[in-house]
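J.: Same order as they appear, the protein sequences are chains E and H. Oh and the first sequence: position 56 is 56 in the numbering used here, straight run, nothing missing. Oh and the second sequence: position 75 is 75 in the numbering used here, straight run, nothing missing.
In short, the hints are calculated from the structure, not lab data. Beta carbons: idealized from backbone N, C-alpha and C, even for Gly. Only true hints are included.
Mimicking BS3-like on lysine-lysine, the simulated pairs with C-alpha atoms at most 30 Å apart in a straight line are:
1. Lys100(E) / Lys55(H)
2. Lys57(E) / Lys55(H)
3. Lys1(E) / Lys100(E)
Far from chain H, some chain E residues (derived; all Cβ distances over 10 Å):
4. Ala2
5. Arg30
6. Asn71
7. Ser86
8. Val111
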Amino acid sequence: KAGVTQTPRYLIKTRGQQVTLSCSPISGHRSVSWYQQTPGQGLQFLFEYFSETQRNKGNFPGRFSGRQFSNSRSEMNVSTLELGDSALYLCASSSHGGQKLFFGSGTQLSVL
Amino acid sequence: AQTVTQSQPEMSVQEAETVTLSCTYDTSESDYYLFWYKQPPSRQMILVIRQEAYKQQNATENRFSVNFQKAAKSFSLKISDSQLGDAAMYFCAYKGSGGGADGLTFGKGTHLIIQP
Numbered sequence: 001k002a003g004v005t006q007t008p009r010y011l012i013k014t015r016g017q018q019v020t021l022s023c024s025p026i027s028g029h030r031s032v033s034w035y036q037q038t039p040g041q042g043l044q045f046l047f048e049y050f051s052e053t054q055r056n057k058g059n060f061p062g063r064f065s066g067r068q069f070s071n072s073r074s075e076m077n078v079s080t081l082e083l084g085d086s087a088l089y090l091c092a093s094s095s096h097g098g099q100k101l102f103f104g105s106g107t108q109l110s111v112l
Numbered sequence: 001a002q003t004v005t006q007s008q009p010e011m012s013v014q015e016a017e018t019v020t021l022s023c024t025y026d027t028s029e030s031d032y033y034l035f036w037y038k039q040p041p042s043r044q045m046i047l048v049i050r051q052e053a054y055k056q057q058n059a060t061e062n063r064f065s066v067n068f069q070k071a072a073k074s075f076s077l078k079i080s081d082s083q084l085g086d087a088a089m090y091f092c093a094y095k096g097s098g099g100g101a102d103g104l105t106f107g108k109g110t111h112l113i114i115q116p
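One chain only, chain E, in its complex shape:
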């Protein structure tokens, strides 16, 4: 079974731009969640999607949004990028109601 796939692996953007990150979950997994990892704040929960519906959202501004498609693939969008958005963005998938999260290798976003 293929693992969680995140694309792209690396991304460089400038302030004010927007970015879209993609995540393909493990086959059969319907829940996808996103996390931001920075040296200062550590790992922080962004949001979780299940069957195309956002179930939970962390404490992030509205510039951070996401969606999930009918095939469970998910995208995360950040608009009006700020320098502080530079981080590793990790996606995780789990089966229905599962407490075991399986993570991808992340997308490293650098905002210049």
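Keeping the supplied structure of chain E fixed, place chain H upon it in accordance with the hints.
T.: Below, chain H without anything else, positioned relative to chain E:
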């Protein structure tokens, strides 16, 4: 809000020896899950072990075991017979079991160094 604290930013152990990583948490919930994740330089978070709070028996996975003390809100990870491949960042994480629960709450991590 739940918090997870890992008081050891860095630990070092000789290969083949045993090391224990500490984690404490704060919650008002009675039912929840606790996890240890490993993050090697590849950056992928790998689940090491999971503990359900309602289970008194400590979880074990091969060389990895936990000491779960619910009353003390403590959840330490013991790695026996340490191997070079165990070198990584280790994160303790908490997740409530309620239907509207947020995602995982992580500690700041412990950098584990294995000395050959």
